[in-house]
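Just so you know, the sequences run in chain order E and G.
First residue of the first sequence: 4, per our numbering; consecutive thereafter.
First residue of the second sequence: 4, per our numbering; consecutive thereafter.
Accuracy of the hints is not assured; some may be wrong.
Stated by the list, open to error - Computed footprint of chain E on chain G; a stretch qualifies when at least three of its residues, placed anywhere within it, have a C-beta under 8 Å from a C-beta of chain E:
1) 182 to 192
2) 280 to 290
3) 410 to 419
As the list claims (entries may be wrong) - The following residues of chain G were derived to be distant from chain E, with all beta-carbon distances above 12 Å:
4) G71
5) L77
6) R128
7) E140
8) A159
9) D164
10) D223
11) H293
12) N331
13) A335
14) A444
15) P446
No wet-lab data here; the hints were simulated from the structure.
Positions of the beta carbon are idealized from the N, C-alpha and C atoms, including for glycine.
Here is how the chains run, residue by residue.
Protein chains: 2
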Amino acid sequence: MIVVSNRGPFRFARNDDGTFSAHRGSGGVVSALMPLLANREDATWVAAAIGEDDRAAVLAGTPTPTGGVHAKLLALDPTTSRLHYDVVSNGVLWFLHHGLFDLARRPRFDRRFREAWEGYVSVNRSFADAVIDGAPEGETVLVQDYQLALVPQMLAQGRPDLHVVHFTHTPFCGPSSVRVLPEYVAHSLCSSMASCTTGFHTERWARAFRASAHEVLGEDAGVGPTFAASFGPDPAVLAAEIATPEVDAEIAALEARVGDRQLIVRSDRMELSKNIVRGFQAYDLLLEEHEKLRERVVFAALLNPSRESLPEYLAYRNEVEQAAARVNERWATSDWEPVILDQRDNYARSLAGLVRSDVLLVNPVRDGLNLIALEGPLANRRDGVLCLSREAGAHDELHHACLTVQPFDVVQTAAALHEALVMSAAERGTRAAELRTLAQANPPAAWLETQLRQARG
Amino acid sequence: MIVVSNRGPFRFARNDDGTFSAHRGSGGVVSALMPLLANREDATWVAAAIGEDDRAAVLAGTPTPTGGVHAKLLALDPTTSRLHYDVVSNGVLWFLHHGLFDLARRPRFDRRFREAWEGYVSVNRSFADAVIDGAPEGETVLVQDYQLALVPQMLAQGRPDLHVVHFTHTPFCGPSSVRVLPEYVAHSLCSSMASCTTGFHTERWARAFRASAHEVLGEDAGVGPTFAASFGPDPAVLAAEIATPEVDAEIAALEARVGDRQLIVRSDRMELSKNIVRGFQAYDLLLEEHEKLRERVVFAALLNPSRESLPEYLAYRNEVEQAAARVNERWATSDWEPVILDQRDNYARSLAGLVRSDVLLVNPVRDGLNLIALEGPLANRRDGVLCLSREAGAHDELHHACLTVQPFDVVQTAAALHEALVMSAAERGTRAAELRTLAQANPPAAWLETQLRQARG
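Throw the hints in and build the complete structure from the sequences for me.
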């Protein structure tokens, strides 16, 4: 099989002597697929060389690490990559699929965007050409995510012998949102994805894709089969990641700050779709309404830096910092800090938060799946309660065991947090056990098998 | 029949001697229905007394004007009315149905919103009670628009003998947007509208309503019949409004400023959904790309003040003023002002613009119908070209005769404006004639008859 994704299984870093060392790449798709594809002779992973060191390593012909994945990294033009990744993928398609546009103002498709779109097409062309040139006859090709939505149609034209699946890890926008795109963009994206079998984390996004494709291509247009298949963390991999001195140290540091108080945790990228500000507003309302909780609870927001090349993300970070500061200014006492805002890029810290939390708040405005909602229950050691947005794909699987959050309703969110904090030990135990079962129900291996089976139709 | 709408057929103004004079109300629904309901003994119009003078006139028992519509005006509590109208109707439902929320930030459903929602319910209750108390057995009731979406279910419960239609003049949001509302709101709105026959300006909004109702109420929920029926201006009424000295004076004033240049006109409320800023950006690009047009064209933006009690509207007005100023700063010469920004609340001025325009730009991001797109061709005397957004309901009827605008794509919008400005006289004539025919195809009387017929099922 050939896996095609923008991010690859490793990143290279330049050593002092001019050689390069490989490190594992980051992100949910990489974490899920790495262990499955390692040491498989029949699997190739095509990905972009992301940064300068990656490009230099590829151009220098650095071999991929032994015992790892057979990878082909593409040394793309940096300017074209930026147009593809920052402007079109993250600046437009991400916002579109997550419903984040402030439509009176954005998007504005101007001449600069038309050039960026050419960059998007060009990068998709490079990925497609790498597959067209290298794939054995009749091979199965698993194309990942919205950055590479044009690859399926390019493959259908250049190599009709291949079996192609495209899997989307984000939500997919509905038919009134897809009309926001210029027609040349909407038509290219929908006709490409309609040319193959497409997968989504939930039936909700699959349905939205089909409706959008028919909106753009016409009611009678042929649209390839769709399927819904999500994946959770690999429990063994997650357990191994937690059983490290770094995580132990972070747990100890957190315990020292929290003491015997109850701990609400959120763990996210600093990302507009994650709804971080309303989370603080709900917590503020919780403290206002429940005097008994003051000094008895801490909210740790563990937020990794994200997409800081986009001005929207820097603006949102300011709003998040202000919202956190407002809560602390309003409620803090001499020995109680109600909100801990931790913006380090530190995976051990994030895992420690999941381990120690009494309540995990996952309240995105929209989310393709949300892996944290599945990792949290597996990592947690305190029968923690999951407060989960009904707009996250994971909610479809977990809704019986979590407390449901309506992400735009801070009154309802505050009530869910309160219910979680006062829940009896017995109910916490029952729910936590169910969450653990559900979180293990779809291991990455099964998800990969589903894609392979769907590709063969 | 009983017509129920928030705005009524007249407004009262207090005279110096303490008595009240009645003046015709404003708005598309009022203009359409007034001539049809006047002098009809079998018609009653239930509406709110909007301002202080209206309330005072109603409380003083002022009779409605003779020869007019038999109206029942409700003197609602001003605070409750503000919650109903500003906070819920204009601040939430308008934004929702037009897709205007910046979801990372707004809406935020807090405790203040819960109180406002009670105000919305209470005002709907007042309207419903007025009908329940006054309607003859088996009467037909035509409820108008999103401000009164709960009235149908209240009538179904209180007076099951009545025949009720609810007609929506805005777009209706789709199923992923309706999930933004708190569940108690979404459920109340959808179940009420599903309890009667509902009308919309186009099948697109009817389809969106049905999908939203099933999303909220369940796939198997019963949803009443829907129908699509739009209306255009009454040609005779419009002609009479134009044939006045005030309009002549405004035409002369406009001619003096524009001279022999080509004139692009837009005529809108100062409203986020109207997409005024991108219109100026497209015009700026037009002047940049076509040197020959400089000094040869003027863009008159005729913008009535709107909803200035909402901070979003004041912020948007600033952005509009800045965008207009940028074009003038960039291109103006000693005897050419590229943009005329006219913010007077002056109907004669707006009609004069429609009469004199060579190109009418109507580029909303979303619009239930857009009456200007239908009035413009009837008022115009120069075979003017209509550049119309495909997101306006009127586009469904006019798309063969207008030039289609993709409202988010300023490159495409600039190209449409250019095509309009250089179009041959022959093609302009053909298109203008077709537009006039289409604009007269659905007079208000036919629209009213459709509602009455649908109510009787």
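Practice problem: Hints the structure violates: just list their numbers, smallest first. | Solution: none
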